[in-house]
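Mind assembling these two chains? They're in different frames, but the hints should get you there.
If you're matching them up, the sequences are chains A and B in order.
The first sequence begins at 0 in numbering that gives the first Met the number 0 and counts up by one.
The second sequence begins at 0 in numbering that gives the first Met the number 0 and counts up by one.
Don't read these hints as lab results, they were simulated from the structure.
A virtual CB, placed ideally from N, CA and C, is assigned to each residue, including glycine.
Just so you know, nobody snuck in bad clues.
Under 10 Å between C-beta atoms, here's a sample of chain A residues computed to sit facing chain B: (1) 15; (2) 16; (3) 37; (4) 38; (5) 39; (6) 42; (7) 46; (8) 48; (9) 49.
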Amino acid sequence: MDHEIKSVIDDILVDTFEIAPDQIAADKNLFTDYGFDSLDAIDLIVKFQNHFQIKPPEQELRNIQTVADIYELVDRYVKRSA
Amino acid sequence: MTRRVVITGMGLISPLGHSPDELWQGLSAGESAIAHQPSWRDKGLATTLASAARPYDPKVISRRHRRSMSPVATMAAMAAGQAMTAAGWTDELIQHPRTGIGFASTMGGSSAIESFYETIVAKRQGAIADLESTTFLKIMSHTCAAHIALTYGIPGRVVASCVACAASTQSIGFGYEAIKYGLQDRMVCGGAEELHFSVAQTFEVLGATAQLPIDDDPAGASRPFAADRIGLVVGEGAGALALESLEGAKARGAAILGEIKGFATTNDARHMTSPDSRGMADCMAAALIDAKVAARDIGYINAHATATPKGDAAEAGAIAELFGDGAAVSSFKGHFGHLMGASGVVETIGCLQMLRHRVWLPTRNLTAERIDPALARIGLLTEPRELASAERRALLIKNSFAFGGINSSLVIGDV
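The shape of chain B in the complex, shown without the other chains (with noise of 0.2 Å):
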């Protein structure tokens, strides 16, 4: 037997702000949380283009456990503290064994890691006694599921799927397995990143980072579906979301922000950085199966599009094979670029406002003139779509993509 499994909280640290109605604000104003970084320009990059979280106060998380916290630890923690405090969750709820955690980010902090190397590789004998006993703790990969379950005293499984761009969707996803299968009765999953001059050059490496002169306006950096549109912009935060069985979110009254319906995780298993319309259609697929609908039942897509040529067009490639025109599809990365780890829970948090409002948003910075025609064939929307309050199609599903051909799909919508 398996369980239908709920979301009861949600919280976060973002580019549009640090509370899911701050976000919904954002999301719907149309705002673009993209700035220009001059100071990249010193280490050498050509991009300085950025999404940067809105100043927040690290001190809410003790020094004590804020110590071995790299700023993407930190963030995770208060966006998880967040989730589990809108969701209701007591104490003796948190510290369950039956409660969990599905967290994750591209990799440990960057920051710590680029202290790291700077000690380690020093010109000088003996630096590496330098290092603290927390530098460690900072940079593992697991670095953002470790500091939640300390810092709140979780005693559950902790899931830190790092994979890449996907890693927070996955992450929930493997929330919603724990749940759905008995394993666990609460998951708080999510993901993080901490912003750095290093990951942008990751993609700048390889081509994919929009570049602007730095007297352009950052806000129309980030364009997802456009014909015109330049590379993905690197931004920041974290988001979380607190999953639990339907009948225990009902058991003690609750109030229900969504559902998770279906998950599916694949892998290309054909090329390391090249994104695979076979491979994302399939995953989309395998969640439908997973959520037992079908997809003319989904209203909406929010997909990964990042704004690069490649990877935009395999998305729209796979959503046409599936659903043709059928689906309403946009992208939150026009506002607030490409969160890495958090992008997927972020923009799952989006989902889940929409939801709410009953209302699909556009891509920011995509009109109908702009639209690449060659991604015509799929419903990409230009202007806000409004929901009947008894919309049939109230599903959604959300895409995440990463290097190393991983692929992960949600299906989301309402209990």
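So here's chain A without its partners, still in its complex pose (with noise of 0.2 Å):
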């Protein structure tokens, strides 16, 4: 996986959702670890899409549920566009 899509994803949840630096893991569950709910969930994908310029269908956005999912789906995405 790029090293710079992991990079902007975790200086997203460090900046925005002010989670520790080192809590950042890619086994962590945003929602039971991090303690996301709807409105967390959702400004986190508008600012991936926003900075990535990408936009994964609904269903998938749903399904993101760790950190891992994240960089998957970027990562994907972001390929596909290039």
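Below, the structure written as structure tokens:
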């Protein structure tokens, strides 16, 4: 996976959602580990869609649970649009 | 049967500090909080004068609550938290169905409104998708009250009387009425405003802002009641009062800071922006009736007095009609300009501090020589006036007036 994608997503989690940097890990669940709710999930999606200029379908966005899910989804759509 | 309503807690984020004691220190020392904002020149404004809140740390509010707050709501929530803590309200009291909120601002978060319009008018297809889920929550008119409710878990009524510059005085009044008539036992009340160049522009287009060259001392800009007054200076901040029934405060042994004796709010129904002496006088008279006191019982009036030529003259006319020169009169806007939605409550906290310290403070930038001769028929203070400890007239009126012809007056005194 593109290292820059991971770095941007990690920065969004730290800067916008105030997750401590040492708590960022691929296997963390956004909802159970970070306490995300529906508003957080929407804003996370808006942030990475805007940054990477991608527009994955709603169904795929709804399946995001872990940090690894975001890395994978963004990576796939960035490659697709390249 | 009605109940007496007392103040047991105060909190604020203001240009003169973030506690009632810091505010008092600044007011009594005659400090000015007004400074130039050179960047406003780039926005095309002629005025650069403003009164910004002293720096504060918004992270005292958790991110979960703060994520949908513009600075106006952040300051409101901080002030409300301070007031309830100072009152000694436990979580059980705060989260009780008989506890409510009266809190307002002129409008929602002005910085969020700016970014909202930037986004939706962006010349890029699909730009509206950039809006975050929290954008509306930052700009909605009841953003302060709703965020206070959520941050502290307050389940009672939410009154968000967003009536521009009278917002917080009216909020306190509606909170007082809710307790007086037995609808709630406790109300956290006040208002907030966030500094933004668009607020200054709103007044500038009406010719109502003070303007000074960028190298002139900003401390002399706001001159209520002076013959050479040049208009208002916009500011920001938040203030909150914890109100409760007298019997409730006594039952829990709370320290009582003062009593709301009466309140009235009226509308001129005459002109959207032009102040009206008749409406102001009628509002003060109605507040006196509600408080069951006579005009001669009032020792001091904390005027709205924003330092505009028309506004100060209209208010002085109304005061002259009811009180002659029998009550001392001053305005805090010489110290920190016009805090808009926060002005009424921050000035009320200043009044409660004057009651506590037994002195009526004068208007900053007003000397005897500078008093507008046309306004000299009222009891304008140019020096502090101390009160005897058993002063019969330790009773004051706090006025706030607003666009839309809104008038609001509180009568406040010792319990």
